[in-house]
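So the sequence lines, in the order shown, correspond to chains P and D.
Be aware that the first sequence starts at 3, since it is given in my numbering, and climbs by one per residue.
Be aware that the second sequence starts at 20, since it is given in my numbering, and climbs by one per residue.
Some hints here could point you the wrong way.
Claimed, not checked - Calculated cross-link-like contacts (lysine-lysine; reagent style DSBU-like; alpha-carbon spacing at most 35 angstroms):
1) P:Lys189 with D:Lys327
2) P:Lys196 with D:Lys302
3) D:Lys127 with D:Lys145
4) D:Lys327 with D:Lys343
5) D:Lys74 with D:Lys154
6) P:Lys150 with D:Lys327
7) D:Lys154 with P:Lys189
8) D:Lys343 with D:Lys214
9) D:Lys145 with P:Lys196
10) P:Lys189 with D:Lys127
11) D:Lys172 with P:Lys196
12) D:Lys327 with P:Lys196
13) D:Lys214 with D:Lys127
14) P:Lys189 with D:Lys343
What the hints contain is simulated information worked out from the structure, not anything from laboratory work.
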Amino acid sequence: MAIDRRQFLVGSGAVIAAPAPGTAAILHSSVYLSGARTGTGRHAAILLDADGEIQWRVELPDRGHGSAFRPGSADAVIFARRPGTFAFVMERSSGVVNSVIAAPANRHFYGHGTYSADGRLLFTTENDFAEGRGVVGVWDAADGYARKAEFDSGGIGPHDIAVMPGGRVLAVANGGILTSPETGRHKLNIADMKPSLAFVDAADGTLISSHALPADLHKLSIRHMAVVQSSAIVVAMQYEGAFEDRVPLVCRYQAGRLHLMAAPAPVTEAMKNYCGSVAADSAGQIACVTAPRGNISTFWSTTDGRFLGSAGIEDGCGVCAAKGGGDFVISSGTGRLVSANPSAITGISASHVGVMAWDNHVSGG
Amino acid sequence: MKGRFGKWMMWLPVCMTLSAADAAADSRPVLDGIISGHIVPRYQALEAAADDLSKAIQADCRDDAPGDAGSRAAFSSALLAWQSIQHIRFGPVMVDNRHYRFEFWPDKHGQGARQLRKLLAAGRDKIPSADRIGKSSVAIQGFPALERVIHGKISDAAAACALAESIAGNLKAMSSDVVEEWSSWQPGSVPDMGKLLARNLADQLDVMAGLKLARPLGETLETARPRRAEHWRSALSYAALAANFDGLHGFFAGENSQPGLRAWTVAGGAPAHQADQLAEHLKFGSTFVGWQKVPLHDAVSDRGARDKAAFLASHVRHTEDLVKSVVYPALGVAAGFNSQDGD
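Just chain P, same shape as in the assembly (with noise of 0.2 angstroms):
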């Protein structure tokens, strides 16, 4: 079903006109952060205002993808895109660069990152490609970013990592899929890849615990998590099976479950078994998923799991949290910014359209 960019769907199935893009900001009074390719085709960092305004930017040698702001600190970072080796560290009033991490020998990036509750250590999801193995990097943010350790994701492929509440506990998406610097971003494993959601100790890097989808879905790559308070996770997920099946792309993980979340069927059929990314409201209780490939972005509710809604936004990618419950801001490859809840969609920003290609993810901070 194609479904019309202008319109927003509720889940009752009503209708309501989107603005036009560039009306007046509404109010957020945060900053966000976002990867982009620039109109020259370059690559940068960017740090944009509540207004979608650009503060900073800073040139990536380059894709970059996911980033993350440093609690209790000054700094904020993006991660090179897989295969990339680069981090930036970057002052978030400024964009002044301050450290440039590079993964170690015989290791990549997987595009994510998270910082501890206290913002001591940087946790980042990596390859040992010579091993076929995912590793986490633990590195002291609080000693100029040395390399400190690293311990097993717990799966092949690691690629969003995130802090449970309590700040004890890493939760890793473990994609499943074998790639190798070698072979490009060929995938190597399809026929027998095994995704899982690990929960490994941050102190240590012990597995505590891995949960995957039953078998028969053991092609819907776990790739990016939403966290809520209550411990909830939300799961976005990316079929690697056949272009025909039509399979449940977001779970929820809850009380040591993984729980599948079923759109109605037009939805999932226009989500083209792929989510881009996913962002939990401020409030925890509503959960983005969004669908580029499906110019689709979809509303769910993080305590039962219960569809919500969706919004047809063009290429639409990167998503966060803005500063209302239930509001979210979303980046497109198309350069538009906006803000929807699941009852409303506004445009934050609309000059950066046809210039500027939001990348994959958007941090808020």
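For chain P, the structure is supplied; the task is to place chain D on it using the hints.
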């Protein structure tokens, strides 16, 4: 004057309906032509070649000689039949991991070698049947595994024969199942199918350039890696690339009196001369490979022959660019920054 105006008025509504989307919706006959003229006949050829292969191995194995000339020739025919339809990555071939089971490659961590060694060491009586091999690891049931048995060094010929018979039997069963299932296969939405076919075309060229050529070539003569060539053991690396081109040409230009993806591309608004240029590129690929005298795995580290392999790699990349600039827009494949290749 009036007459001409009237004629123009009559044509106007017709022209207005010829948008790209409608062209795609009208492309169901082309889709059916690709299936009946290209896909199904090529799988039928694979089925017949796999049947011959199975029989040739049985014949050679009466003398416990799994690597004899008859088996090797039949292996070559069946492998090339597979290579000529390898680009199809939807439909029955994706059911039950069949695409990977036909050919799990590259096997970066040498799983096939390790598992085959273990299997052969257990002796003839422990070799699984064709049916059971079909349910075991993808690394030991396809063409690369059979190539190791037929073209590799084997100490226990009896065990190797039993294994070769099982793998060939499984290849035959899989290809029969694929042919059978195509008879009842139902396409999804026609525009979505067009996008999928366009991606299958570009993806195959990407595999050819990136995995089959650039990877064995390495950056320099000194860093060339001959054993990264696909099917180097049987010296069929170049022949496989020629079969890839041949299959892609049939897919795009059409064959067996049926239209191919070219017709769809032109209906979607691409200039005919650009579509023809792409068809010529695909044809030239197999012609150029046919001129090569040095096997690819030797060529990559041979000062004179290496340049030709490198040229072929750039030719494939150029052809892939043509697909993306000519076929993609005509079939509505989104060029979205975030939807292009996932992460």
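Now the hints, each set against the structure:
Our distance criterion of 35 angstroms between C-alpha atoms is met by P:Lys189 and D:Lys327, whose separation comes to about 28 angstroms. Between P:Lys196 and D:Lys302 the alpha-carbon distance is near 40 angstroms, which puts this suggested pair outside the 35 angstroms criterion. For the given pair, D:Lys127 sits about 27 angstroms from D:Lys145 by alpha-carbon distance, which is consistent with the 35 angstroms threshold. Distance hint between D:Lys327 and D:Lys343 is fulfilled; the C-alpha atoms sit about 24 angstroms from each other, no more than 35 angstroms.
In summary, the hint linking D:Lys74 to D:Lys154 is supported, as the alpha carbons are separated by about 22 angstroms, within the 35 angstroms threshold. At roughly 48 angstroms between alpha-carbon atoms, P:Lys150 and D:Lys327 are farther apart than 35 angstroms, so this suggested pair is violated. For the hint pairing D:Lys154 with P:Lys189, the CA-to-CA distance comes to about 22 angstroms; that is within 35 angstroms, so the pair holds. Proximity of D:Lys343 to D:Lys214 is assessed by CA-CA distance (about 11 angstroms); at most 35 angstroms being required, the pair is judged to hold.
With a C-alpha separation of about 28 angstroms, the suggested pairing of D:Lys145 with P:Lys196 holds against the 35 angstroms cut-off. With a C-alpha separation of about 11 angstroms, the suggested pairing of P:Lys189 with D:Lys127 holds against the 35 angstroms cut-off. Of the pairs offered as hints, the one joining D:Lys172 and P:Lys196 holds, with about 33 angstroms between alpha carbons and a cut-off of 35 angstroms not exceeded. A hinted pair counts as satisfied when its Cα atoms are at most 35 angstroms apart, and D:Lys327 with P:Lys196 does not qualify at roughly 40 angstroms.
Restraint check for D:Lys214 and D:Lys127: the C-alpha separation of about 30 angstroms stays at or below 35 angstroms, so the hint holds. Between P:Lys189 and D:Lys343 the CA atoms are separated by roughly 21 angstroms; this keeps the pair inside 35 angstroms, and the hint holds.
Hint check: violations occur at hints 2, 6, 12; the rest are consistent with the structure.
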